[in-house]
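*Asks:* Chains as they are written, first to last, in the numbering used here: chain A, 1 to 329; chain B, 330 to 649; chain C, 650 to 979.
It is worth saying that the hints were derived from the structure and are not from the lab.
Check before you lean on any hint, since a few could be wrong.
[Unchecked claim] Derived DSSO-like pairs (lysine-lysine); straight-line CA-CA distance at most 30 Å:
1. Lys248(A) with Lys270(A)
2. Lys270(A) with Lys202(A)
3. Lys86(A) with Lys496(B)
4. Lys305(A) with Lys22(A)
5. Lys22(A) with Lys686(C)
6. Lys94(A) with Lys452(B)
7. Lys727(C) with Lys937(C)
8. Lys76(A) with Lys202(A)
9. Lys452(B) with Lys22(A)
10. Lys86(A) with Lys115(A)
11. Lys202(A) with Lys142(A)
12. Lys202(A) with Lys248(A)
13. Lys86(A) with Lys76(A)
14. Lys937(C) with Lys708(C)
15. Lys115(A) with Lys452(B)
16. Lys22(A) with Lys115(A)
17. Lys94(A) with Lys22(A)
18. Lys496(B) with Lys508(B)
19. Lys937(C) with Lys496(B)
20. Lys686(C) with Lys452(B)
21. Lys305(A) with Lys270(A)
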Amino acid sequence: MGASGQPLLDVSHLSTSFFTDKGEIRAVQDVSLAIHHGQTLALVGESGCGKSVTALSIMRLVDPPGRIVNGQISFKGQDLLGLSEKALRDIRGKAIGMVFQEPMTSLNPVFTIGKQIGEVLQIHTTLSAQEIRQEVLHILEKVRIPSPEQRIDQYPHELSGGMKQRVMIAMALVCQPDLLIADEPTTALDVTIQAQILELLKDLQAEMGLAILLITHNLGVVAQFAQEVIVMYASQIAERAGVEQLFKNPAHPYTRALLMSLPHPGGRGKMLASIPGTVPSPLYYPHGCHFSTRCQEVLDFCSEKEPPLIQITEEHEAACWLHAPNPRI
Amino acid sequence: MQAFIIRNILQRLLLIFIVSILAHSVIHLAPGEPSEVDPSNPRMKPEDIARIRAAFHLDDPLYLQYAYWIRDLATGELKSFKDSQPVLQKIWRRFLNSLPLYLCTTLLVWTLAFPTGIHAAVKRGAVYDRSSTFIAYTLISVPGFFLSYLVILWIVNLFGVPVIGMKTFGMDHAQPAYKMMDHVWHLVIPSLMSALAGLAILSRYVRSQMLEVLGQDYVRTARAKGVQEDGVIYQHALRNALLPFVTMFGFLLPGLIGGSVIFEQIFAWPGLGRLGYEAILARDFPVILTLNFIAAILTLAGTLLSDILYAVVDPRIRLQ
Amino acid sequence: MVNKPTTHTIALMQDDPSSALPPQETPWQEFLRFFTKDTLALLGTIVLAVLLVMAIGGKVLTEWWVVFDPEVVRLPDKFLPPFSRPSVDILPPHDLPALGLYLLGTDELGRDVFARMLQGSFVSLSIGFIAVSISVVVGVILGGLSGFYGSLKLGFITVDTLIMRFTDVMLCFPTFFLILTVVALLPPSIYNIMVVIGLTSWMGTARFVRAEFLALREQDYVVAAQALGVPNQRIIFRHMVPNAIAPVSVSATIGVATAILTESALSFLGFGVQPPYATWGNILADGKGFIFDAPWLFFIPGMAILIVVLAFNLVGEGLREALNPKLRGR
């Protein structure tokens, strides 16, 4: 972390659930996070752990039957959850930009990309059509799309996956927001393109002073990019730490297991470690600590009481009884 | 694009040829002779029957009859069995009668179906959606003539709206303005009743298309950009949801003949459907055959139009 | 530090119920769960069950063990409204209605409308079922052949093209007009009507089945079965047909509704089922002449058709939503 002052985005005790006919699915439980100006916070976890829903909740884009049931979200001092729809729309696309995981389906197939990017400017600025077009060309260059003059009038299906994602990034950044929420921006892309997109994001961040909430399940990306990391498991925060601390001294058994399962140099010829069992279904979370059923270091009462986030060092917390001062047996 | 159109036209021409043969065979192979039109007519002596049969080539082999039919159709010489009037002229006159009714019905269906369908989709699960769903199902399930007669009973007593024929008796000598108003007045109930079932079906389809589109990722992107909810629905979503309906424009053409038989009968509207019905009663083969054939041609033309429109409207297909 | 799992941990992992997956349910149970959620579809099913009882019971009670006689003509008692009492003094005792009153009134010949409706229910329903059966059989055969053997060539044209072009030709004609034409030209008979309706409505089913077969043919398990030497018929019937059943059953249910409506329209135009058979369609058509004098003669069959057709449509739509996971929640 190491950034001081008021956080740009302050989320405290956010809980979001989906009320379906099978029952209440608690997708996000009691998640708190803070991002400061210009900082990158990575939200890591397996599929289904609630990281995407967290991001959508921040923008209040959760569709029914989902609903934010608890928590506070404060952005630049404003309470996002209490804002009117109109005020919220002013923030979306302008102060907070969002990039989604599936570039193939996130662009409207019947509008040109120039029109789609330009729309953001149309809504949030008073620029003329000419000026908008100039701005769009400008941002297309910035996201390193070749021949922007041609591309601007093309339709999404004429672009490759990587270029579509660049268009999404352009749409999110064209109004120079303070915060970019990137939900697995590279997951659906080829490995080589992944690297390019990440490079792009890094450069843009440096250039624009962007704060980034980066959601990913790829620890490698986290290591390159983030300053602070939050690891989520089964709708809850398992561990929060600065990126170096996380990789050097992982405190939560889940984080440790994740890191162990990465292929590492010197491990040649040995079997890849994996975490036994499977991620629990959100309808049937285990009693007590959600990870207790798969944990290698589980203690007797881990399955009785949920561990709170326990401070380990000043900027390192983990939700694990192993780190409690007096673990009661 | 041109190759696409030409290929489509050629395919359809082939189909038209096959259809004409099929239609001709089916109708001429059916039992029941045109000369049985009026078996109780004492004036129909065997010589008369033989004369009619010779005049209409009924004793010739089937393929010759087919050839005669096509030749007569093409030259406009095809005559009805019933009254020896040229078939094409009869059809044309009745077509002009059917046209305003059909246009009115179609207008009603399409202008009402979209707002109701979109509204039901946007407010899914709410009272409006559930009640309009139920009403739609009821309208689809009710026998057309049942509802029409009920309405006739009511309306005639309540409002005095005309429900018989195209114009009031004696109106021919009135001033043009009054004649116009009379025509329109006569159109109201028949077109409304014809429109109900189509309205129900189309609005359901609009609703399901909108629901599917509203669940797409790009709608979420639009919201994330800060687009107003109206803009999300009417620009981002609707534009995509409308694509399949463009193809349905093509199917408007064939509807001219099909659905109208019942309603024209109920409201005594002298149109194409009624012509078909009368021809069937009279075993007037040329008229029956030609009507069916024209219906088939209209269908093929309609689907061609749909295919072309779809290519024009959907950028993904256009650039193939 | 990663410790070795303790026996305790292993015990936890093995039998911890709270980390179990949700209870498995068979596709049938899943289908039932969704279907029963839809109240309208459930209502429809109840109505249809009642109809079935009525139809079968009706056939029995009006023709075999005659309790309600639909054919007795009682001129003194004509045009009586529902719930009227018969003229006990004038009519001979064996002509009196079974329940002591005319439940649904009498028609222009003094016949018991209730009995006629009972008799008609069986006929109307059987017209619907037989017509739909014909269309389903034709549709499944043609669609299946086209989907599975489609690329086989007969001369210069493939099976698929042949069947699909034929389907296109059939689709060219406006259905009702075609039915009317054919029915009117053939001698009037209930069987002709069933067959004609059946032979003009198979096209949708054929398309569905062909689409399903085309999709399924590419599935790995089909290729695997073929590699194992499983004969084609077995593959088709044991694996592919069950998958294609879902859209076909939806289509069939709605098809019965359409067939009943078509029959009533044909009756209205005078080309429907002729006496002595009574169907709801021809009772309705006869009744239209007496709307002012005896409105129940028109109203009752009309409402009956409406309710039954509505029930079929609701059940059909319910089936569609319950069987197709992608459409759920629409």
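*Asks:* Run every hint past the structure and note whether it holds.
*Replies:* Against the structure, the hints come out as follows:
With a C-alpha separation of about 22 Å, the suggested pairing of Lys248(A) with Lys270(A) holds against the 30 Å cut-off. For the proposed pair Lys270(A) and Lys202(A), the alpha carbon gap of about 35 Å is over 30 Å, so the pair is violated. The straight-line distance between the Cα atoms of Lys86(A) and Lys496(B) is roughly 55 Å, outside the 30 Å bound, and the hint therefore fails. Between the alpha carbons of Lys305(A) and Lys22(A) the distance comes to roughly 25 Å, so the proposed pair stays at or under 30 Å and holds.
Straight-line distance between C-alpha atoms of Lys22(A) and Lys686(C) comes to about 12 Å, which keeps the hinted pair within the 30 Å bound. Note on Lys94(A) and Lys452(B): the hinted pairing holds, with a Cα-Cα distance of about 28 Å set against a maximum of 30 Å. In summary, the hint linking Lys727(C) to Lys937(C) is supported, as the alpha carbons are separated by about 16 Å, within the 30 Å threshold. For the given pair, Lys76(A) sits about 23 Å from Lys202(A) by alpha-carbon distance, which is consistent with the 30 Å threshold.
Between Lys452(B) and Lys22(A), the direct Cα distance comes to roughly 23 Å. Compliance with the 30 Å bound is thereby established for this hinted pair. Between Lys86(A) and Lys115(A) the alpha-carbon distance is near 22 Å, which keeps this suggested pair within the 30 Å criterion. Taken as a hint, the Lys202(A) and Lys142(A) pair is honoured in the structure, with Cα atoms around 12 Å apart against an allowance of 30 Å. For the proposed pair Lys202(A) and Lys248(A), the alpha carbon gap of about 23 Å is at most 30 Å, so the pair holds.
With a C-alpha separation of about 17 Å, the suggested pair Lys86(A) and Lys76(A) falls inside the 30 Å cut-off, and the hint holds. With a C-alpha separation of about 25 Å, the suggested pairing of Lys937(C) with Lys708(C) holds against the 30 Å cut-off. Our distance criterion of 30 Å between C-alpha atoms is met by Lys115(A) and Lys452(B), whose separation comes to about 28 Å. For the proposed pair Lys22(A) and Lys115(A), the alpha carbon gap of about 41 Å is over 30 Å, so the pair is violated.
With a C-alpha separation of about 38 Å, the suggested pairing of Lys94(A) with Lys22(A) is violated against the 30 Å cut-off. The hinted pair formed by Lys496(B) and Lys508(B) meets the criterion: a straight-line CA distance of about 8 Å does not exceed 30 Å. Our distance criterion of 30 Å between C-alpha atoms is met by Lys937(C) and Lys496(B), whose separation comes to about 24 Å. A threshold of 30 Å between alpha carbons decides the hint, and for Lys686(C) with Lys452(B) the separation of about 20 Å falls inside it, so the pair holds.
Taking the CA atoms of Lys305(A) and Lys270(A), the gap is about 36 Å. The hint is violated against a cut of 30 Å.
When the structure is compared with the earlier hints, violations turn up for hints 2, 3, 16, 17, 21 and for no others.
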